[in-house]
Amino acid sequence: MARMLALFCAAALLSACQLPNPYRPPPQQQPVPGGTPSLPSPTPPVQIPPPVESQPAPPEVPPPQPPRSYELGAAARSLVEQAHAQAAAGNYAVAASSIERALRIEPNNPLLWIELGQVRQSEANYVQAENLARKGLSLASGDPRTQASAWRLIAQALQGRGRGPEASEAHARADALAPH
Amino acid sequence: MARSRRTRRLRRILLVGALIAILADALLIVYLDRIVTPQFEGRRWTLPAQVYAQPLELYAGLALPADALEQELARLHYVPVDALTRPGTYHRSGSRIDVATRRVQFAEEIREAGTISVITGAGVIQRLRDSSGNEVPLFRLDPLLIGSIFPIHGEDRIVVSPAEVPLLLPAALKVVEDRKFDTHHGVDPEAIMRAAWVNLRAGSIEQGGSTLTQQLVRSYFLDDRQTLWRKIKEALMAIILEARFDKADLMNAYINEIYLGQDGERAIHGFGLASRFYFGKPLDELELHEIALLVAIVRGPSYYDPRLHPERARARRDLVLRQLAHFHVITDEVAQRASARALGVTTRVTAGYYPAYLDFVRRTLRRDYREEDLTEAGLKVFTSLDPRVQALGEQALVDELTRLDRQRKTRDGAQLEGAIVVTAPQSGDVIAVIGGREVGFDGFNRALDAHRSIGSLAKPMVYLAALETGRYNAATIVMDEPIEVKLAGGQVWKPENFTQESYGPVPLTRAFADSLNLATVHVGLDVGVKRIAATFQRLGLERMPELNPALILGSLDLAPIEVAQLFNSLANGGFRTPLRAVRTVIAADGTALKAFPLQVTPVADSATVYQLNRMLTKVTQRGTGRAVYSRLSPDIVVAGKTGTSSEFRDSWFAGFTGSHLAIVWVGYDDNRPTGLTGAAGALSVWANLMQRLPLTSWDEPVPESLRETWIEYQTGLETRPTCSEDVVSIVVPREAVLPARHGCVEDKSGDFTTRAKQWLEGIIH
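For the protein sequence lines, the chains are V and U, in the order given.
Position 60 of the first sequence, counted from 1, bears residue number 79 in this note's numbering, the numbering being contiguous throughout.
Position 576 of the second sequence, counted from 1, bears residue number 581 in this note's numbering, the numbering being contiguous throughout.
These aren't lab readings, by the way, just hints derived from the structure by calculation.
Hints are supplied without guarantee of correctness; some may be wrong.
[Stated by the list, open to error] Lysine to aspartate or glutamate pairs mimicking EDC-like chemistry, simulated, CA-CA at most 20 Å apart:
(1) U:Lys599 / V:Glu185
(2) U:Lys491 / U:Asp410
(3) U:Lys185 / U:Glu195
(4) U:Lys599 / V:Glu90
(5) U:Lys535 / U:Glu473
(6) U:Lys599 / U:Glu247
[As the list claims (entries may be wrong)] One side only, chain U facing chain V, incomplete, derived with CB under 8 Å:
(7) Leu143
(8) Leu492
(9) Gln604
(10) Pro607
(11) Pro708
Model, not experiment: these values are computed from the prediction.
No residue lacks a Cβ here, since even glycine has one placed at the ideal position from N, Cα and C.
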């Protein structure tokens with residue numbers, strides 16, 4: 020039994036250590052002539068010949084990636100700085116719209132979603148603070164530091180709603196990812 | 006005796022009559038004064054809300070070659086010059102563009118006029134510098150004014166203050182319309198006599214004798230009937246106004262009041278709006294020949310319509326210029342140079358009129374505002390419209406529908422119709438709405454109001470619900486075999502595949518990519534119609550679909566905008582964001598009234614949605630949507646789904662890249678069959694639009710709870726790209742164990758560690 024447990028732990032550890040694979044577009048086949056939009060009725064799916072791999076196949080085992088670390092571009096950074104000043108002056112609506120501007124430039128940057136969540140947290144809009152943090156978290160794959168700051172915001176938002184136990188849990192997850 | 010009594014009585018009657026007449030006259034003047042003066046004093050024109058597109062953000066790294074930037078500046082009617090002189094001009098030298106920007110009202114702030122230098126290179130912006138040479142991280146251009154929300158009676162205007170009026174305009178108005186304006190008391194008897202003489206000789210109305218003040222009165226207080234009584238009232242009111250107000254006030258009122266053109270239901274009032282309407286730029290940027298044209302139009306906005314009757318308008322403009330020279334307002338030489346210029350009016354297309362988008366904006370605002378607030382209070386509305394995407398979408402729809410119509414001539418000449426909704430998925434911004442192929446026509450808005458059967462566009466909701474049960478992953482084998490479903494009414498539903506064949510056991514990814522109906526019905530019934538209906542609702546459908554097994558194959562009528570909301574939640578990784586056209590509304594004085602901030606709600610596990618989205622990319626790489634790559638570069642990863650309703654009545658395509666989601670519908674208004682699948686119709690519109698946009702791949706990071714692997718497309722066996730034929734990449738939950746192609750990957754289902762782990766998990770649960 021103990022051996023089994025040890026084995027299990029080893030397996031669990033192994034899988035936990037595995038880093039996420041970056042997604043790369045798979046090699047493309049040439050568009051099948053029967054599928055061009057100019058034809059009135061397309062060829063039924065099965066009649067399409069299997070694609071020929073014309074490009075070198077991707078590596079069979081993707082090389083392990085070092086943990087990534089999200090950063091802001093210069094334009095987004097300047098907007099975030101602006102937002103911080105606006106929020107410090109208590110002007111949360113304008114601060115939020117500055118971060119929204121930044122999000123239009125870098126919509127997949129988790130840091131900006133967390134920033135927007137922090138503005139909502141400051142104005143005690145805890146539901147949006149948590150939701151925005153979760154959106155940030157969903158984009159922070161492979162970046163433990165960013166994940167940790169998302170969890171900290173989730174913890175604060177839960178605290179704000181008086182959900183103490185869940186907040187402590189979220190804090191613990193943050194600390195496990197990146198201790199203070 | 007009797008006679009003298011009668012005379013006395015007559016005299017008395019006459020006296021009383023005269024007294025009454027004088028009294029009546031006085032009363033009339035007092036009465037008119039009561040009407041005219043307060044109304045004119047508290048002069049508040051009804052100001053329709055002005056609607057703006059989103060401003061273009063410039064920053065280092067933005068993919069925007071110098072030529073494209075020049076096009077954007079042209080859209081905002083910035084004028085190229087040799088040296089920057091005044092706001093609204095720019096100078097290009099090679100890859101560097103210097104812009105003298107206007108004073109701009111944004112939602113949050115007013116930015117004063119200034120200059121910015123944009124240095125481009127290799128197709129992107131390299132640097133931005135301000136007037137003192139300092140580098141700036143970002144700079145936004147003016148938001149394009151795209152229209153206004155004018156009331157039913159149709160008066161639209163932009164009010165200008167005297168400071169915004171070029172000096173030439175009042176001078177020209179006086180020369181052409183009322184030479185004695187500075188000295189008369191409201192009416193000019195000499196001008197009336199002169200006009201009467203001219204008209205008598207000509208036998209028709211050739212010349213008007215009205216002063217500017219009379220014209221103002223007529224437009225402001227009276228209707229257009231040509232009666233004597235109205236003429237008297239007009240003259241009296243003009244005299245009252247002149248007595249009560251000074252000339253500068255009256256001139257400014259005239260400039261803002263007068264009617265200068267018609268745009269469908271919309272009446273163009275005042276020179277501020279006319280300047281926008283004819284030239285696309287603010288009044289204070291007009292040049293002499295443009296001012297002369299507006300002054301020419303005053304006399305007959307439809308007769309001298311420069312778009313419909315350019316020669317007539319030009320002849321009158323040149324007459325105005327000659328008169329200006331004759332009365333020494335300008336020199337002969339300047340007049341001649343201005344006469345040599347073209348009219349310079351914009352075409353409707355560049356004037357930027359987007360009725361379908363404005364309709365969406367209006368509907369959003371009507372939830373929060375009374376009609377009068379929108380049409381009278383001078384609100385400024387900042388929207389998400391991206392004019393470039395909107396214009397490209399209009400072009401794509403018109404081009405493709407024209408091509409498809411040519412291919413399939415109908416006996417009665419019926420034309421295909423279509424609609425497009427484009428969003429930025431993460432922000433929920435609606436950036437383009439096209440309601441039909443007559444893009445400039447404010448008619449039936451199909452993007453919002455055409456509720457049509459969605460067909461296979463329902464499948465993503467079915468497969469998401471399946472993945473969410475935890476019993477399915479992208480490699481799960483499902484049965485594509487005939488099925489009969491007993492419906493509530495006792496009928497039997499026998500769905501069929503598009504090919505009317507069945508394909509037996511297939512992996513889920515293939516069932517989805519090839520849009521196999523039988524396999525989908527098996528999956529859907531297993532998951533349960535109720536759960537699928539709930540998935541529709543969770544992703545953003547505002548009503549519960551009918552609980553009918555046929556929902557699995559999309560027997561549900563939705564408008565393109567509703568489909569956009571559903572797919573937006575997928576493109577946004579399982580977060581629902583209410584689609585919004587309006588970002589902010591501010592009052593006439595610049596104070597913020599209402600904001601529609603970005604809000605997100607998690608509605609599905611983001612890793613599960615990621616699995617589904619990867620399956621959507623297989624639709625375009627392998628399945629029914631692969632024709633997108635006849636137009637797009639194979640390096641771009643796009644996710645999408647085709648939809649075809651029964652008997653080919655509706656052709657749909659819904660798809661997204663890293664930056665844009667677009668929903669396209671194509672069909673006939675009378676719901677007759679089109680003979681088009683989603684791939685043959687809507688997809689071509691979608692791909693036509695996307696190929697013109699700067700595309701970014703859909704490439705979100707793989708969630709940590711998933712692993713990436715490969716399966717054989719036909720069998721679903723796990724393999725490696727070099728090991729089997731016909732391999733597709735998929736993601737599955739990290740703990741999922743897949744049956745493997747022998748000799749290609751270790752068969753983990755037999756692997757000791759995995760078995761041990763599964764066994765242990767069994768104990769723990």
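Against the structure, the hints come out as follows:
no.: 1; hint: U:Lys599 / V:Glu185; result: violated (34 Å)
no.: 2; hint: U:Lys491 / U:Asp410; result: violated (40 Å)
no.: 3; hint: U:Lys185 / U:Glu195; result: holds (10 Å)
no.: 4; hint: U:Lys599 / V:Glu90; result: violated (32 Å)
no.: 5; hint: U:Lys535 / U:Glu473; result: holds (14 Å)
no.: 6; hint: U:Lys599 / U:Glu247; result: violated (42 Å)
no.: 7; hint: Leu143; result: holds (4 Å)
no.: 8; hint: Leu492; result: violated (27 Å)
no.: 9; hint: Gln604; result: holds (6 Å)
no.: 10; hint: Pro607; result: holds (5 Å)
no.: 11; hint: Pro708; result: holds (6 Å)
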